[in-house]
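Take a look at the letters that make up each chain.
There are 4 protein chains.
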Amino acid sequence: MKGYGMVKVEETGWLEKPKPAAGPLDAIVKPTLVAPCSSDTHVLHGGAGPKENLILGHEAVGIIDSVGDAVKNFKKGDKVVVPCVTPDWLSTGVQNFKTFSHDAYLMSSFKFLGSKDGTLAEFFHVNQADANLVKMPEGISGEAALMTTDMMSTGFHAAELAEVEYGDSVLVIGIGPVGLMAVAAANLKGAGHIIAVGTRPICIEIARQYGAQDFISYKEGDIAEQVMGLTKGRGVDCTIIAGGGGESLSTAIMATRAAGIIASVNFFDISDKLIIPTLAWGLGMSHKDIRCGFCPGGAERIRRMLELIIHNRVDPAKLVTHRFYSFDKIPEAFKLMDTKAPDLIKPVIYLDREEP
Amino acid sequence: MKGYGMVKVEETGWLEKPKPAAGPLDAIVKPTLVAPCSSDTHVLHGGAGPKENLILGHEAVGIIDSVGDAVKNFKKGDKVVVPCVTPDWLSTGVQNFKTFSHDAYLMSSFKFLGSKDGTLAEFFHVNQADANLVKMPEGISGEAALMTTDMMSTGFHAAELAEVEYGDSVLVIGIGPVGLMAVAAANLKGAGHIIAVGTRPICIEIARQYGAQDFISYKEGDIAEQVMGLTKGRGVDCTIIAGGGGESLSTAIMATRAAGIIASVNFFDISDKLIIPTLAWGLGMSHKDIRCGFCPGGAERIRRMLELIIHNRVDPAKLVTHRFYSFDKIPEAFKLMDTKAPDLIKPVIYLDREEP
Amino acid sequence: MKGYGMVKVEETGWLEKPKPAAGPLDAIVKPTLVAPCSSDTHVLHGGAGPKENLILGHEAVGIIDSVGDAVKNFKKGDKVVVPCVTPDWLSTGVQNFKTFSHDAYLMSSFKFLGSKDGTLAEFFHVNQADANLVKMPEGISGEAALMTTDMMSTGFHAAELAEVEYGDSVLVIGIGPVGLMAVAAANLKGAGHIIAVGTRPICIEIARQYGAQDFISYKEGDIAEQVMGLTKGRGVDCTIIAGGGGESLSTAIMATRAAGIIASVNFFDISDKLIIPTLAWGLGMSHKDIRCGFCPGGAERIRRMLELIIHNRVDPAKLVTHRFYSFDKIPEAFKLMDTKAPDLIKPVIYLDREEP
Amino acid sequence: MKGYGMVKVEETGWLEKPKPAAGPLDAIVKPTLVAPCSSDTHVLHGGAGPKENLILGHEAVGIIDSVGDAVKNFKKGDKVVVPCVTPDWLSTGVQNFKTFSHDAYLMSSFKFLGSKDGTLAEFFHVNQADANLVKMPEGISGEAALMTTDMMSTGFHAAELAEVEYGDSVLVIGIGPVGLMAVAAANLKGAGHIIAVGTRPICIEIARQYGAQDFISYKEGDIAEQVMGLTKGRGVDCTIIAGGGGESLSTAIMATRAAGIIASVNFFDISDKLIIPTLAWGLGMSHKDIRCGFCPGGAERIRRMLELIIHNRVDPAKLVTHRFYSFDKIPEAFKLMDTKAPDLIKPVIYLDREEP
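Chains as they are written, first to last, in the working numbering: chain A, 1 to 356; chain B, 1 to 356; chain C, 1 to 356; chain D, 1 to 356.
Hints were generated in silico from the structure; no laboratory data involved.
Be aware that one or more of the hints could be misleading.
Taking lysine-lysine and the DSS-like style, the derived pairs with C-alpha atoms no more than 27 Å apart in a straight line are [as the list claims (entries may be wrong)]:
hint	chain 1	residue 1	chain 2	residue 2
1	B	K30	B	K75
2	A	K30	A	K51
3	D	K232	C	K76
4	B	K72	D	K116
Below, a sample of chain A positions facing chain C; criterion: calculated Cβ distance under 10 Å [unchecked claim]:
hint	residue
5	L25
6	I28
7	Q95
8	A129
9	E300
From the three backbone atoms N, C-alpha and C, an ideal C-beta is built for every residue, glycine too.
Based on the sequences and whatever the hints tell you, model everything.
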């Protein structure tokens, strides 16, 4: 079987691998629509250590090729949406870690990339299919469904972590695909004023459609000062971090009011320095909560995201700016993701059809 | 000073009263736009016991006529929005009762109607002005602001009590003005499927605009059974009760899934029988929470509601179906509210201007 | 294999059954210490419908006899504590139902009695052993460990549902074994004044040791009135229902202050009438939450309970009033539970040793 | 009137001031039992900027000398316990800032030291007496009551912020008086294993009495590593920071498991560097919440603390290691606090009685 991924750190390529086999609880899925993600490129560049011979990709919708004997609710031929986080539900970790983001330990629930091959392949493996697959609902686009698997679930988790309440002012730092979803999520949780930090016109346009009203650029001075200007010196009620380096954390703490919440879903680099500005944190008296988190896992999470699409609450397919057709175009799409073209938000690859 | 209200139970009329005076912390407000509410008619009909010589009304925006010596943030001439619930913030009760809905004891925070004259008058009194008044924001309509004072704040509280989460299916029983606001609130908290119970075409039309997709009528059979039909036998994740008699509670419990939440902001009548259906409550094992509550009080609550209007998240002015002009039209508007015309959601009275 | 249970409703007896076999994820356990519970007798008397040929019992500690191929963390010979609630962690229900009390649907996580034979047997079956078994910790008594499996976990859940906060006054209605554990749980969650409703001297004595200070008897008049007397007319901050019929719910609502919480872990009978007293519920304005729930399931829950014992926070073995030795004494112990002798709280049966 | 405090930064002395007068809502209290606190010495040393001519002290019980006209529930001669945090309840800030720790802005609720003279005087002023004073309960010691006003309320807030759950392992960094109260609070919230970081024998002895089982010293190596050793590599479920410099934050994050909570009530110095260790925070994926907070304000908070004493849940008077008698001994006690003698936890000064 063919798959696309990393030969080793910093080297991409086609990989030839045996077709995966389903254990009793598992499924093998043939992807039909996939998307590369900046986490894939992050791993490629060594962000997860010296991995090699690994098929990349963790976002996919597809068709079930086979299921294990003990799978009850899925069968060959079912169209499915595949969560990017697929916990081992038999690990006691899921009973303790909040939001089903982790299982045995931190991020061990992230099986794709983490402990097995990913989705940019002819076939891929899904553990515990009954708990980790969702049937593709009728009447929604594959692109919208695909965007739920990571971008939307992660972006919406940011607004959950931030505990956005009715009328809250919300700052969203970073309006790549996850940040854009966080804007939509804040809006759908009852935010009042939404301020976004970002500069790319395409992202600003989509952020506006998702509910952001004001935009701040690093180029125009200190972010926190600009926030104070927009909030009459009050600071925002909560800040979501969905991009940037370590400085975004300090900015967030300075821009948020006392008793507000800072929620990060940003994947920081090991080299990022994360500093809490002592005075802005009220010398530890400010009740400013600093939270972070990883995409919640499992079928129900994605089912909920899909419900929002089915009922026209949000259209995550707005994230898709580039479309590729056929398996052969994976490298091209991947490269686009890696180089982050100015007009790119999210590329998708239709594996099952020709260019229309 | 002239005011409109109840001479005694079941008898309305104009009342002549001394103009109220402001204590050191208080304000006197001259209303410019008011609305009668079904709580006013409920009190008129004896729902709060044998009250007499009481000016009715608790929804108003207006202009400050005078303030007490110790008021810091308001002055004569300020345009203000007046919360219908104005707690005594010096009562220790506010430190204990959730959501600032109560102060010394249950509903004692409801000063209008509860312990003093209401807003359908030339002037009315507001206790603790700094904590219980909000400046009228620029750029929004008086009608929208007026609707925040009770209808929106109460309806939104229902969705807060119900802890609506992303993708939840939500049943709203009763789509009068509070129920309609609850629909909008569920939508703005991330509900997926919203089902409303109601029959009046005007209400159904507005509910649809606020985000409800399906409608159920008592006339077409058992409500809970219809809900099961619409949810594939699963029941809804949460139910909001914003109307109906005691039977609405039983219906809600039967229509809601295990571990779901039933949240009522309905003012039940003392004669209503509130029965928990034992089996539908899982013999006490179901984790179905039954909650109820009263409109949260104070300035910040209304400021948050206004933020949602300022940022175009919701337009509560859609509730306004009838408009009256001049002080003299109060009785006519009041009567309309009392008789609940089929095409009525909410009437308002402009006290400060002529019919346009 | 021999087991003790119900031949049919109202008829107990020894049952001869094939020894259960472990599926790939499961374990077969040989019990060494068991306890009958009032839920067992409830099922015997038809409380769960017309069951027959069913081995009863759902509380046990024991030794693993065999495990399935896919079990990772347990092996033959391991001493284990067995949660009475053992969810199917691959059901998507566990991702939605709070507290892991349910899986596919309401109480379907209660496999013993619910969908298979119980623990009063030579061997019994445990589904998904890795997620549903806990190794017996060193240094604590078997009796204490046994009490965690249902009594303690359920009683502690009551205090969780009640969200007891520092200094809260707490009323506990019913001081059988679960109610007694709820007293200890309220104490360990920071309750101030704990008032218990009960009359049996042995229960009052243990309740006092667990932290209750005042006791109320049905025999001395209306419970709610007595509570008002003890709380200077204020009502308690929260009420836990751990016994009684339908009237205990009404009592709880009347005895609890506005914005307080009523939490029930009582297994009501289908014939119990559960009525919310309309006025005491503030006509739906009181913010009195009415909650109910079933024992949380899984290994981590019991591990946490065991942690409290290991660190000497509570000794649930105080519940054990009667001890029996040898398999043959099961019927005698069961009958004692069924008839609820005045000096009984909880009987246990040592299956693995002689009378000391 | 005489008071003791700071002439200027680093210079203590007796100050002569006019006796304060009560506004309409306020009270003047004659203290009978007071305690200096490390916050007082912190201010003395310039921690709150260049203050001068300021009476220090913010912990007191006393007798009301006079009340304003609008005070309803207190009168001259009442014995009262005085919260160290006394918010302006008419500020809209209290409606927004969690836990009533702040009012108009961060810590502006801390009137003593913050915006007026403190309690180490013949008389002191209390704003909004009805909301900010508590009657001294009968049957408890003055020392216990005094300890609630800051040490206990702050220490208990730490356990609230940490959301300690049944069976949690809890690390408490720093076992001065607040840390010791945090140990007691963790115990009273259902912690299992409690580990404390500290070295002074008197503190270790009291921590043990309050429920800590294991003790870690900076002198014996890296704290986080020692915690890993005590928890089998798992880390604690939550960490409370009640002492130390900036390094305590990094330690806490490293010592806490994924999805755990770090809660600080430590008053950091402006020079402390607060660094989140990027890898230990899971590169932002760990769900480790970092929280901080200031003592909650108002009467109800202290009433709840007193309830715990009345019902024998905890005895905060164990903190008192040194007792002084008469007003003249204030400087001596203050100096002891400032120099932190090895056998000191908390000194108190009886202003109203002779050495026994």
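Note to self: Need the status of pair K30/B, K75/B: alpha-carbon distance at most 27 Å?
What the structure shows: Holds: K30/B and K75/B sit about 13 Å apart, inside 27 Å.
Notebook entry, point to check: Does Q95/A pass the interface check with chain C, least Cβ-Cβ distance below 10 Å?
Noted result: Hint holds; Q95/A Cβ to chain C Cβ min 4 Å, cut 10 Å.
Notebook entry, point to check: Hint check: is the beta carbon of A129/A less than 10 Å from a beta carbon of chain C?
Noted result: Given a least distance of 9 Å, the restraint on A129/A holds.
Next item on the list: Starting from K72/B, check that the Cα of K116/D is at most 27 Å away, please.
Entry: holds (19 Å)
Check: Does the nearest C-beta of chain C fall within a distance shorter than 10 Å of the C-beta of L25/A?
Finding: holds (7 Å)
Item checked: Hinted pair K30/A and K51/A, Cα distance within 27 Å -> holds (24 Å)
Check: For the pair supplied as a hint, K232/D and K76/C, is the alpha-carbon distance within the 27 Å limit?
Finding: Answer holds: K232/D to K76/C is near 24 Å, not above 27 Å.
Check: If you take the shortest Cβ to Cβ gap from I28/A to chain C, is it below 10 Å?
Finding: violated (18 Å)
Checklist line | E300/A as chain C interface residue, shortest Cβ-Cβ below 10 Å | finding: Because about 4 Å separates E300/A from the closest Cβ in chain C, which is inside the 10 Å limit, the hint holds.
Checked against the numbered hints given earlier, the structure breaks only hint 6 and satisfies all the rest.
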